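Student: Protein chains in written order, with our numbering: chain A, 1 to 281; chain B, 1 to 247.
Simulated from the structure, these hints should not be mistaken for lab results.
Treat the numbers as computed from the prediction; the structure is a model and nothing was measured.
For each residue, glycine too, the CB sits at the ideal point set by N, CA and C.
Accuracy of the hints is not assured; some may be wrong.
As the list claims (entries may be wrong) - The following label-pair restraints were derived from C-beta to C-beta distances:
| hint | chain 1 | residue 1 | chain 2 | residue 2 | range |
| --- | --- | --- | --- | --- | --- |
| 1 | A | Gly-91 | B | Asn-173 | 43 to 51 Å |
| 2 | A | Met-217 | B | Ser-65 | 33 to 41 Å |
| 3 | B | Ala-101 | A | Thr-252 | 17 to 25 Å |
| 4 | B | Ala-101 | A | Gly-91 | 21 to 29 Å |
| 5 | B | Ala-101 | A | Ala-131 | 19 to 27 Å |
| 6 | A | Pro-88 | B | Ser-65 | 49 to 57 Å |
| 7 | A | Gly-149 | B | Ser-99 | 48 to 56 Å |
| 8 | B | Asp-214 | A | Thr-98 | 13 to 21 Å |
| 9 | B | Ser-140 | A | Glu-269 | 46 to 54 Å |
| 10 | A | Ala-206 | B | Ser-65 | 50 to 58 Å |
| 11 | A | Lys-138 | B | Asp-133 | 53 to 61 Å |
| 12 | A | Ser-175 | B | Ser-129 | 24 to 32 Å |
| 13 | B | Asp-133 | A | Gly-139 | 52 to 60 Å |
| 14 | B | Asn-173 | A | Val-242 | 21 to 29 Å |
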Amino acid sequence: MNILNIITEIQKVDPEVFDRLDSRRKVFQHFAGFGKKLAATAVPLAFGSMLNKAYGQTSADIVGVLNFALTLEHLEAEFYKQAVTAAPAAGAPAIAVTALTTIRDHEVAHVNALRSTITSLGGTPVALTAANFDFTAKGAVPTVFTNYGSMLAVAQAFEDTGVRAYKGQAGNLVSNNAVLEAALRIHSVEARHAAHIRRMRRDTPAIAAQQKPWITMKDRGGLPAFTQGIYDGEELTTQANVPIAGTFGTVTVSANAASEAFDEPLTREQVLAIVQPFIRM
Amino acid sequence: MSKIIKQNENDAGVIKAITTPMQRRIFFKYAGAGAALSTLLLVSCDDDDDNGGSGSTNSGVDLGSADVGVLNYAYALEQLEAAFYTMVVGHSAFNTTFSNALERSVLTDIRDHEVAHREFLKAAIPANSRIKDLTPDFSSINLSDRTAVLNAAKTFEDLGVAAYNGAGKLFTNSGAGLTYLTLAGKIVSVEARHAAEIRDLISNGSFADNTVIDNMGFDKALMPNEVLTAAKPFIKDTINFSNLPTQ
């Protein structure tokens with residue numbers, strides 16, 4: 001999508017487009033000073049929000065979905081902020097601290113992107129701080145920041161939940177293509193995080209989780225039993241009435257592989273039930 | 001991206017000629033701002049898609065239109081990925097190229113997932129709308145070279161993620177389109193898991209580095225013209241994506 005091109009097209013039929021965008025006018029003039037590539041890559045989310053506001057298409061439902069996502073991103077961001085600080089003393093090797101830092105930075109960026117989008121849609125972003133979260137899950141994981149294995153277990157729980165949470169909301173964002181695309185782009189980042197955390201737990205000798213970067217059936221990979229809701233429903237081997245396992249040419253797809261090949265969505269209610277032990281309101 | 005924008009500039013005159021302000025204003029009067037906005041976005045996106053630079057606009061394997069066209073687009077990419085990993089895992093030197101059993105297990109899993117995706121889409125698309133079996137071309141990849149195989153895998157996985165991320169909005173917003181969006185969402189996160197693991201096999205910690213994730217923490221999203229241009233060297237058939245939805 002070429003943002004400047006779209007604005008030019010709109011201006012042809014709606015010369016007042018800049019006035020409709022009103023106070024944001026300076027922003028557009030500002031963009032014009034940059035290279036087009038920068039504008040086209042950095043702006044879509046905010047731009048879509050501005051258009052929706054300008055043409056009265058703001059949806060309370062979309063703000064609700066984004067605040068739900070923002071709650072999860074706050075949870076993750078606050079967790080990783082503390083995890084990065086605590087990881088060396090908890091026994092994490094340097095390369096793990098680097099990975100946790102990478103993930104922290106993404107989650108903080110997601111918080112910022114969602115906050116600005118919600119604001120531009122006329123909504124109020126939920127304001128959460130570290131004080132709103134209990135990363136011991138009400139005492140279930142008391143060593144979350146002092147034991148490397150516990151830390152990664154909670155990280156995996158959050159990442160695998162995040163993937164399913166975004167997936168479950170995609171259908172509620174279709175009326176706003178810019179927001180839908182932004183959500184999908186965050187969704188796949190969460191999946192990359194999930195894969196890496198799962199690999200870290202697989203490859204750390206002291207943990208040696210019997211799992212893969214992908215989810216096999218509804219196996220929770222050694223996480224505490226209270227996290228089972230994160231994996232229930234992942235065991236599907238039929239999609240849209242099509243059986244996925246079978247032999248196709250020279251390749252046989254096992255039931256395990258069939259379940260791994262598709263991640264499953266969770267409803268908002270299911271996600272909130274999963275994260276409830278970690279939230280203090 | 002820069003290539004496409006350049007083409008937009010070149011075609012600005014053509015676009016102006018077929019969508020003069022006067023015609024627009026008349027349409028606007030009847031349709032209202034909301035509808036006009038949709039049309040305008042469509043026009044804007046057409047700039048991108050009709051001039052994808054692959055030279056495949058009016059010939060070759062036609063992906064078709066509407067939701068089924070988008071499914072065919074996904075089916076084409078899954079065919080490519082499935083064929084690649086089937087060739088990698090089936091290669092006579094696989095056990096020596098990948099001497100580490102865990103790496104062989106990872107690649108075999110990914111092969112199975114991609115075959116599952118391909119076969120699912122094949123079953124989901126009505127036979128009379130479905131594209132044919134494509135002919136891949138992996139002659140540029142040395143399948144006996146671990147680094148070459150993993151770099152190609154990285155290209156395919158990152159591209160697959162960006163393709164699904166960009167295609168989500170192309171489905172219709174209700175009925176079957178919503179179902180397809182959800183199904184595509186079930187697949188894309190698995191592609192992202194693959195991308196992360198392949199990247200980590202190349203260099204541990206590169207699962208989501210700044211070559212693929214931007215400073216807002218967003219993964220890439222690409223439109224069909226961009227994706228198929230990147231995939232073109234690996235497919236012998238010409239793909240015609242000109243009838244796909246553009247928004």
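Student: That 49 to 57 Å hint for Pro-88(A) and Ser-65(B) (C-beta), does it hold up?
Tutor: Since Pro-88(A) and Ser-65(B) have Cβ atoms about 56 Å apart, the given range 49 to 57 Å holds.
Student: The hint says 24 to 32 Å between Ser-175(A) and Ser-129(B); measuring C-beta to C-beta, is that right?
Tutor: holds, 27 Å
Student: Taking the Cβ atom of Gly-149(A) and the Cβ atom of Ser-99(B), is their distance within the range 48 to 56 Å?
Tutor: violated, 29 Å
Student: Kindly confirm whether 19 to 27 Å is satisfied by the beta carbon distance between Ala-101(B) and Ala-131(A).
Tutor: Given a distance of about 47 Å, which is not inside 19 to 27 Å, the answer is violated.
Student: Kindly confirm whether 52 to 60 Å is satisfied by the beta carbon distance between Asp-133(B) and Gly-139(A).
Tutor: Between Asp-133(B) and Gly-139(A), where Cβ atoms are some 56 Å apart, the hint holds.
Student: Within 33 to 41 Å or not, the Cβ separation of Met-217(A) and Ser-65(B)?
Tutor: holds, 38 Å
Student: Does 43 to 51 Å hold as the CB distance between Gly-91(A) and Asn-173(B), or does it fail?
Tutor: Since the Cβ atoms of Gly-91(A) and Asn-173(B) sit about 49 Å apart, the hinted range of 43 to 51 Å holds.
Student: Per the hint of 21 to 29 Å, is the separation of the Cβ atoms of Asn-173(B) and Val-242(A) within bounds?
Tutor: holds, 23 Å
Student: Is it true that Ala-101(B) and Thr-252(A) lie within 17 to 25 Å of each other by Cβ?
Tutor: Holds, since Ala-101(B) and Thr-252(A) (Cβ atoms, about 19 Å apart) stay within the stated range.
Student: Determine whether the Cβ-Cβ distance between Ala-101(B) and Gly-91(A) falls within the hinted range of 21 to 29 Å.
Tutor: Since the Cβ atoms of Ala-101(B) and Gly-91(A) sit about 27 Å apart, the hinted range of 21 to 29 Å holds.
Student: Quick check on a hinted range of 50 to 58 Å for Ala-206(A) and Ser-65(B), using CB atoms only.
Tutor: Because 55 Å falls inside the window, the suggested range holds.
Student: If I claimed the Cβ atoms of Lys-138(A) and Asp-133(B) lie 53 to 61 Å apart, would that claim hold in this structure?
Tutor: Distance hint for Lys-138(A), Asp-133(B) holds at roughly 54 Å.
Of the hints listed earlier, those the structure fails to meet are numbers 5 and 7, in rising order.
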